[in-house]
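J.: In the working numbering, the protein residues as written are 666 to 1004.
In case anyone wonders, no lab produced these hints; they're calculated from the structure.
Certain hints may be false.
To be verified - No more than 20 Å apart at the CA atoms, straight line, and that leaves these computed lysine to any residue pairs for SDA-like:
| id | residue 1 | residue 2 |
| --- | --- | --- |
| 1 | Lys-784 | Glu-807 |
| 2 | Lys-982 | Pro-729 |
| 3 | Lys-784 | Leu-890 |
| 4 | Lys-783 | Pro-812 |
| 5 | Lys-705 | Asn-694 |
| 6 | Lys-784 | Ile-674 |
| 7 | Lys-780 | Asn-693 |
| 8 | Lys-868 | Leu-890 |
| 9 | Lys-680 | Leu-712 |
| 10 | Lys-784 | Pro-812 |
| 11 | Lys-680 | Lys-705 |
| 12 | Lys-780 | Pro-812 |
| 13 | Lys-784 | Asn-693 |
| 14 | Lys-730 | Pro-696 |
| 15 | Lys-804 | Lys-978 |
| 16 | Lys-804 | Gly-773 |
| 17 | Lys-783 | Glu-761 |
| 18 | Lys-868 | Lys-961 |
| 19 | Lys-907 | Ser-937 |
| 20 | Lys-704 | Pro-729 |
| 21 | Lys-961 | Met-949 |
| 22 | Lys-783 | Val-698 |
| 23 | Lys-784 | Val-762 |
| 24 | Lys-868 | Tyr-842 |
| 25 | Lys-784 | Ser-808 |
| 26 | Lys-849 | Asp-938 |
| 27 | Lys-1001 | Leu-890 |
| 28 | Lys-730 | Ala-753 |
| 29 | Lys-730 | Arg-690 |
| 30 | Lys-705 | Ser-823 |
| 31 | Lys-1001 | Gln-838 |
| 32 | Lys-783 | Phe-809 |
| 33 | Lys-783 | Ile-803 |
| 34 | Lys-780 | Glu-701 |
| 35 | Lys-704 | Glu-771 |
| 36 | Lys-1001 | Pro-955 |
| 37 | Lys-961 | Ser-745 |
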Amino acid sequence: MSIKKASTIQDVANKAKVSIKTVSRVINNEPNVSLETVKKVETAIDLLDYQPNAFAQSLARSKPKIISLIYDTPSPNYISHIMEGVLAYCYKVDYEVIIHPLRFNEVGLMRSAEKFIKKSRLAGLIVTPPYSDNVEFIKLIESFDLPKVLISSGLNISEEDSIKTNDREVSMQMTDYLISNGHKRIAFIKGHPTHLCINDRFKGYQDAMNRAGIEIDNSIVENGLNSLSSGEQCAERLLSLKERPTAIFSSNDEMAAGVIKVAYRNGLNIPSDLSVVGFDDSPMTAMITPPLTTVKQPLDAIGEKSAEKLIDKLENKELVRESVINSNIIYRDSVKKIN
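Based on the provided sequences and hints, a complete structural model is requested.
T.: Below, the structure is given as structure tokens:
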């Protein structure tokens, strides 16, 4: 019986039509290789079932100073600021960063994630929502024994592994602000159910309403999906009610923009006929009419602190266990005082 000859790095280079050096750079996850080239080499490796030399890889992987930031793709503003903070800190301490997007609803997500981790020279990972809320994804990371920091996770995890924001507290403050302006019939649009930490925003709303002795009407609590279109759909239902709300608190800015769009379409003026507030302080909030009152998250600081925490773990430094970063309200022109 003939034994199939093992593929070589030269075979991979020939198949992908690149140099051996380029194949080596892709295998060792070196920077400045185009995505197109990476895909060609990875396809060739899969087709040829090429197995890199274990000893050579072990040398290449000794004490890597490379971490990865894992993210989903829906909110470019959110991730770009997190990314800036991570990159800024890593530059100061001479660590490299692999910015790696994964589609949360992609078929074969876990296989893609496992493949990425296997081929990457990673010392640790920073994980953003919704992955920081995904038990299966976190178990996958732990199976590789990789240190991690989870941003805004709603799971019950070690404080050493997490960076949190004061979403519940600042949402209570925002609801208090609406109440102080005379609003009692305040609608709330929840965020995507897979992002557990965003539930704290609804809890903050509940805290403020209960403290003020205002009964929460479940008919004006909507389930959104963090998108402009879901904000529109929720607003259509809320504004068609016989007794419509006087204010709507959206748990992110995209949904708030959807609310404003529907309000104008129905001949309502913001804030004369309806007050609207959001959460995140995305760039559009200062430019829409009227400028939106919202909550600003210090995303750069969140990114920087998460990188600092992960690298401190990697270098066995003493950790600050509790890492809660405070957000604050940005007051603009989308709320009106009523009697």
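J.: Run every hint past the structure and note whether it holds.
T.: Now for the hints, and whether the structure bears them out:
For the hint pairing Lys-784 with Glu-807, the CA-to-CA distance comes to about 16 Å; that is within 20 Å, so the pair holds. With a C-alpha separation of about 17 Å, the suggested pair Lys-982 and Pro-729 falls inside the 20 Å cut-off, and the hint holds. At most 20 Å may separate the alpha-carbon atoms for a hinted pair to count; Lys-784 and Leu-890 exceed this at roughly 33 Å. A distance of roughly 15 Å separates the Cα atoms of Lys-783 and Pro-812; the hinted pair therefore holds under the 20 Å criterion.
Taking the CA atoms of Lys-705 and Asn-694, the gap is near 14 Å; set against the 20 Å cutoff, the hint holds. Distance hint between Lys-784 and Ile-674 is fulfilled; the C-alpha atoms sit about 15 Å from each other, no more than 20 Å. Between the alpha carbons of Lys-780 and Asn-693 the distance comes to roughly 13 Å, so the proposed pair stays at or under 20 Å and holds. Distance check on the hinted pair: Lys-868 and Leu-890 sit about 17 Å apart at the alpha-carbon level, within 20 Å; holds.
A C-alpha spacing of about 9 Å is found between Lys-680 and Leu-712, which places the hinted pair at or below 20 Å, so the restraint holds. As the CA atoms of Lys-784 and Pro-812 are separated by approximately 17 Å, the hinted pair is consistent with the 20 Å bound. Restraint check: the Cα-Cα separation between Lys-680 and Lys-705 comes to about 9 Å, which is no more than 20 Å; the hinted pair holds. Restraint check: the Cα-Cα separation between Lys-780 and Pro-812 comes to about 18 Å, which is no more than 20 Å; the hinted pair holds.
A C-alpha spacing of about 7 Å is found between Lys-784 and Asn-693, which places the hinted pair at or below 20 Å, so the restraint holds. Under the criterion of a C-alpha separation no larger than 20 Å, the hint pairing Lys-730 with Pro-696 is consistent with the structure, at around 13 Å. At roughly 19 Å between alpha-carbon atoms, Lys-804 and Lys-978 fall within 20 Å of each other, so this suggested pair holds. For the hint linking Lys-804 to Gly-773, the alpha-carbon distance of about 16 Å falls within 20 Å, and the restraint holds.
Simply put, Lys-783 and Glu-761 have alpha-carbon atoms about 17 Å apart, close enough for the 20 Å limit, and the pair holds. In summary, the hint linking Lys-868 to Lys-961 is supported, as the alpha carbons are separated by about 18 Å, within the 20 Å threshold. A C-alpha spacing of about 18 Å is found between Lys-907 and Ser-937, which places the hinted pair at or below 20 Å, so the restraint holds. Proximity of Lys-704 to Pro-729 is assessed by CA-CA distance (about 23 Å); at most 20 Å being required, the pair is judged violated.
For the given pair, Lys-961 sits about 13 Å from Met-949 by alpha-carbon distance, which is consistent with the 20 Å threshold. The straight-line distance between the Cα atoms of Lys-783 and Val-698 is roughly 18 Å, inside the 20 Å bound, and the hint therefore holds. About 15 Å separates the Cα atoms of Lys-784 and Val-762, which keeps this hinted pair within 20 Å; it holds. For the hint pairing Lys-868 with Tyr-842, the CA-to-CA distance comes to about 16 Å; that is within 20 Å, so the pair holds.
Under the criterion of a C-alpha separation no larger than 20 Å, the hint pairing Lys-784 with Ser-808 is consistent with the structure, at around 15 Å. Using a Cα cut-off of 20 Å, the hinted pair Lys-849 and Asp-938 holds, with the two alpha carbons roughly 14 Å apart. Only pairs whose Cα atoms come within 20 Å are accepted, and Lys-1001 paired with Leu-890 is rejected, the gap being roughly 27 Å. A C-alpha spacing of about 15 Å is found between Lys-730 and Ala-753, which places the hinted pair at or below 20 Å, so the restraint holds.
At most 20 Å may separate the alpha-carbon atoms for a hinted pair to count; Lys-730 and Arg-690 meet this at roughly 16 Å. For the proposed pair Lys-705 and Ser-823, the alpha carbon gap of about 40 Å is over 20 Å, so the pair is violated. Of the pairs offered as hints, the one joining Lys-1001 and Gln-838 holds, with about 16 Å between alpha carbons and a cut-off of 20 Å not exceeded. Restraint check for Lys-783 and Phe-809: satisfied, since their Cα atoms lie roughly 9 Å apart, inside the 20 Å limit.
Note on Lys-783 and Ile-803: the hinted pairing holds, with a Cα-Cα distance of about 15 Å set against a maximum of 20 Å. Taking the CA atoms of Lys-780 and Glu-701, the gap is near 17 Å; set against the 20 Å cutoff, the hint holds. Restraint check for Lys-704 and Glu-771: satisfied, since their Cα atoms lie roughly 18 Å apart, inside the 20 Å limit. The hinted pair formed by Lys-1001 and Pro-955 meets the criterion: a straight-line CA distance of about 11 Å does not exceed 20 Å.
With a C-alpha separation of about 15 Å, the suggested pairing of Lys-961 with Ser-745 holds against the 20 Å cut-off.
Hint violations for this structure: numbers 3, 20, 27 and 30, all remaining hints satisfied.
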